[in-house]
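> Now that you have both chains on their own, put them together as the hints suggest.
Chains as they are written, first to last, in the working numbering: chain A, 12 to 280; chain B, 3 to 337.
Just so you know, the hints here were simulated from the structure itself, not pulled from any lab data. Here the structure is a predicted model, which means the values were calculated and not measured. Treat the hints with caution; some may be incorrect.
[Said to hold, decoys possible] Across the chosen pairs, the derived CB separations fall in these ranges: (1) A:L41 to B:R109: 52 to 60 Å; (2) A:I267 to B:T10: 27 to 35 Å; (3) A:P187 to B:S59: 18 to 26 Å; (4) B:G117 to A:L41: 53 to 61 Å.
[To be verified] Some chain B residues well away from chain A (every beta-carbon gap over 10 Å; in silico): (5) G49; (6) K61; (7) F90; (8) S168; (9) R182.
Glycine included, C-beta positions come from ideal geometry on N, C-alpha and C.
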Amino acid sequence: MAQEARTGARLPAWILVPAGLGLALLVIPLLAMLPRVDWARLPATITSPAALDALWLSVRTATLAVLLCLLLGVPLALAMARARPRAAAILRALVTLPLVLPPLVGGVALLAVVGRTGVLGRWLEATGVSIAFTPWAVVLAQTFVSLPFLVITVEGSLRTVGDRYQVVAATLGARPATVLRRVSLPLIAPSLLAGTVLAFTRALGEFGATALVAGNRPGVTQTVPMAIYTAFNGAGVTRDVALVLSVLLVATALAILVLVPAVRRREAW
Amino acid sequence: MSLLVDVTAGRGSFTLEVCLDVPAGEVLAVLGPNGSGKSTLLDVVAGLLAPHRGEISWKGRALSTATGRLVPPSERRVGLLGQDPLLFPHLTVRENVAFGLRARGKRDALARADGWLDRLGVASLTDRRPRQLSGGQAARVALARALAAEPEVLLLDEPLAALDASAAPELRHLLGEVLRETGLTTVLVSHAVLDAALLADQVAVLREGQVVERGPRAEVLGAPRTAFTAAFVGVNLVPAGFGGLRPAPRASRAKVTKLRFRPAAVVVSEERDRRENSWEATVRWLEPVTGGVRVRLATPDHPDVLADVDAASVSHLSPGARVWAHVPAEAVQPL
Numbered sequence: 012m013a014q015e016a017r018t019g020a021r022l023p024a025w026i027l028v029p030a031g032l033g034l035a036l037l038v039i040p041l042l043a044m045l046p047r048v049d050w051a052r053l054p055a056t057i058t059s060p061a062a063l064d065a066l067w068l069s070v071r072t073a074t075l076a077v078l079l080c081l082l083l084g085v086p087l088a089l090a091m092a093r094a095r096p097r098a099a100a101i102l103r104a105l106v107t108l109p110l111v112l113p114p115l116v117g118g119v120a121l122l123a124v125v126g127r128t129g130v131l132g133r134w135l136e137a138t139g140v141s142i143a144f145t146p147w148a149v150v151l152a153q154t155f156v157s158l159p160f161l162v163i164t165v166e167g168s169l170r171t172v173g174d175r176y177q178v179v180a181a182t183l184g185a186r187p188a189t190v191l192r193r194v195s196l197p198l199i200a201p202s203l204l205a206g207t208v209l210a211f212t213r214a215l216g217e218f219g220a221t222a223l224v225a226g227n228r229p230g231v232t233q234t235v236p237m238a239i240y241t242a243f244n245g246a247g248v249t250r251d252v253a254l255v256l257s258v259l260l261v262a263t264a265l266a267i268l269v270l271v272p273a274v275r276r277r278e279a280w
Numbered sequence: 003m004s005l006l007v008d009v010t011a012g013r014g015s016f017t018l019e020v021c022l023d024v025p026a027g028e029v030l031a032v033l034g035p036n037g038s039g040k041s042t043l044l045d046v047v048a049g050l051l052a053p054h055r056g057e058i059s060w061k062g063r064a065l066s067t068a069t070g071r072l073v074p075p076s077e078r079r080v081g082l083l084g085q086d087p088l089l090f091p092h093l094t095v096r097e098n099v100a101f102g103l104r105a106r107g108k109r110d111a112l113a114r115a116d117g118w119l120d121r122l123g124v125a126s127l128t129d130r131r132p133r134q135l136s137g138g139q140a141a142r143v144a145l146a147r148a149l150a151a152e153p154e155v156l157l158l159d160e161p162l163a164a165l166d167a168s169a170a171p172e173l174r175h176l177l178g179e180v181l182r183e184t185g186l187t188t189v190l191v192s193h194a195v196l197d198a199a200l201l202a203d204q205v206a207v208l209r210e211g212q213v214v215e216r217g218p219r220a221e222v223l224g225a226p227r228t229a230f231t232a233a234f235v236g237v238n239l240v241p242a243g244f245g246g247l248r249p250a251p252r253a254s255r256a257k258v259t260k261l262r263f264r265p266a267a268v269v270v271s272e273e274r275d276r277r278e279n280s281w282e283a284t285v286r287w288l289e290p291v292t293g294g295v296r297v298r299l300a301t302p303d304h305p306d307v308l309a310d311v312d313a314a315s316v317s318h319l320s321p322g323a324r325v326w327a328h329v330p331a332e333a334v335q336p337l
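Chain B extracted, bound-state conformation (with noise of 0.2 Å):
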């Protein structure tokens, strides 16, 4: 009992291979940068674009099959959201809340297009056109608008992207709710990570059209088991042995493979620091995070390492400057 989807697609040159599974009432989170086919993932089970081959399924019921039948976007049951809401400027927002209800012949469809502005705190707006609204509050009539028209499955691409740093945290929030309150099985499509830990159950991770790495949320954002998971989760993962590194004490006898650091955990300064787990390193750039500043670490024949420092202290950092780099041994993680 869940939806399956087993393809691929493509645009132009750009090829995805995908085979998942999102048993129902889970959220599956699609990681991955941009181009690398998440879009493209959620137009083919939307039936927006019709797969080279394979085929897709919900509960059992086929929305796509290897011989090329393709149920049509409008008999699916698949709501998709995307970061532009895409009101119909028309429309007022209780009528483009009832539009889904009213396309398929529900008497009742204003009614509740209300119950669900109720729900989603924006009951007072019920007769402004769309162009009347914030961001913020357009996304929430969106997400109404979706949600009233009873989808099966929920498809979200990067629902959050486009709104402000004041918005988009508490929309996250109404999101995670709405989706446990209603048990949707959902598909959200994000390159941020935030997303994917407080809304997900499952992650997948997609490069370049492939998954990459599949799992449990804990699993997979926390002992990422692919560089490229790691370097885009924002942690460190390097092989047991690296720099000289020792872990932390750890209470199992398995052997230890890998070592797992957070960027903000690691020192970088410009004299050879005589500490234990230090090693010398080339900047090989920075790029801009949070409260911050990240640096990216380059070490002969090993993964790169992320360090986040403090804005203040980064003018000797120039790209191909030689520095140390040093991660207290408490903060060193053995997987």
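Isolated chain A (complex conformation) (with noise of 0.2 Å):
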């Protein structure tokens, strides 16, 4: 339904010029992108040995990182919504760092706990295993970015519903483990999907943390965003996959964005 804004609630007409330059210096970039690809020859380019490389790693590690997301952040959120006001708010401050921080600054923070003289990684060494380098760390790279938009998402919708139907459901005979089963995550599945493909999007992207402590070894820890960065410093693939993973990232994040918030609406209750 559109809505017609009454008369005396209208914006001054030059907001529209700096709103307009806002919404370019969004959306022309990504646009720009688009004639420099060579579209006769994108399945070729899309297929090649390393692009295939990049894309099937990032899938895999980004697949891994968002299951990780699930199993910790979910009972974290559960724990920040039950804890009392003060509580709560230090542990959404912890939660929101990783957020605000440079994920450069996250990677060298995860080198101090898994690099080869990290607080366990020298342990983990002794014991022969090693994380950092390997995949392991570029999905450890990527649940430590991500997980904060799915704990901060999920918490945030149980603290809407708030406790009422849970109170319900034990006065009529469910324990606890069945009000979370059948009760507190049906009530959050939107804002859970939400908060899973947020997350997604976000591990897909990663590169800053990824880069310090993963590397960026072909086939090994060379996820998208690093086989792109790659290109542009003329190693690896060429330019040309470059751009045709960077319009993939894109379309990827603008089909999520657009898809979500339609299931969500249909999920609505």
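Encoded structure:
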């Protein structure tokens, strides 16, 4: 339904100038990539071994990272939603920190844990296991940067829903595990989906932390963003591939942004 | 064999201190204004709030002990139905009603849910989602869900308060029928006297966390002992001798200590009323009642008297106005 603004509520006309400029700043660079893509060779470019390796690694690691986010993030969000206001505020600040930190700093921090001389890495090294500069490090970096998206989204939703339905479920004879499975989780399903998708998108695009803790070995730790960066530095994949991969990432993100609200609206009670 | 509640409980600075028992199969109505502790009482019995001290037991089975052992809400078999139906939005009506049975692993949960929906006259709604229901329909489904979980004690927290004027009477009637048929031990909390009058066997009146009156329905509603209860249930209760009132003659020779009369029996006039049973009073304030206006009249050193007057005749009844009140002797009951 279109809403007609009442005459008195009109914006001054000049507002449209900076508004339009802002929009252009966001959209034009993305559109500017398109003419530079060699569309005729696109199928060949995208199926080149270097591109496929990077794509396949990105999909695998991002999927694993999202699973980890769900496994750890949902319980964390549930605990936060039940915490007293003071504790919840502290937890929320801690969880949000990786979101506002430069990912590079996250990489440095992760190295301090799983690097060869890190607090955990040193101990792992002794048992012959290493995480840094393996695909596991990619997953770790992606989880580190994606987890806040999932936790914040889910916790917000839990707070909105409140605990009234859970209380009713308990008086109907449902034990805590049943309440969680049959009431709490279904109630937040739309936000859980949104959080998962956001986390996946963030994991796919992760670059900074990955670069430091996982490196850039083709076929081992070279994800799509790493491949794009390498191409523009004149090594590994060509610029053509880099452009196509970039367009692919934009298209994926766009599809997700359009589809998720549609699904959420359909599920809204 | 009854529900025993002897606890002190509270939230923040509010303290509830009650000792109540409800014989098995009876309905206790707990009346009181907002903030008197009615909901706190229900929360404690349902196990949602831990009492500071005291005990709760049902048929000898401890639900909450003096040593602080609490049976969790899911194990109490105490159902709770509030004014918000709180149907699970992601489940259909049938799944909502089957919830309690399924939670306890009953295989025929859905069939039994259908039985309850049929019994409460909402069988046609089984496959709907809660958001597709009207307020009255949702209230019926919520009642079906509470009953289908097979509680041994049912707690009702103003179950009719949120319903519109057309849906409430129907559901009140249905609730009375179901409570009689099932013989469920029930605690009904309400600020509406009508709920107590139609549904309860026993009535307790709660004021600021304390039970101020307690007894069989007819006694508490018909002949309240305290001025607070009288005002709450909407009858006038004055000491014998008030305003020179003479009651209707009565057979018993017992000493008359109190007089009771309904607000509707009081006539308020601007001019001096020279009839018997008239007295001078000051208008304290006006408040709305169904079908008219209730005037609160102040008399020095006596409890306020309520008078129901016609809405068309209130123009001269501003607060502070001096008026004359009159009650015909046949309307005054000696107690």
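> Which numbered hints does this structure break?
2, 5 and 7
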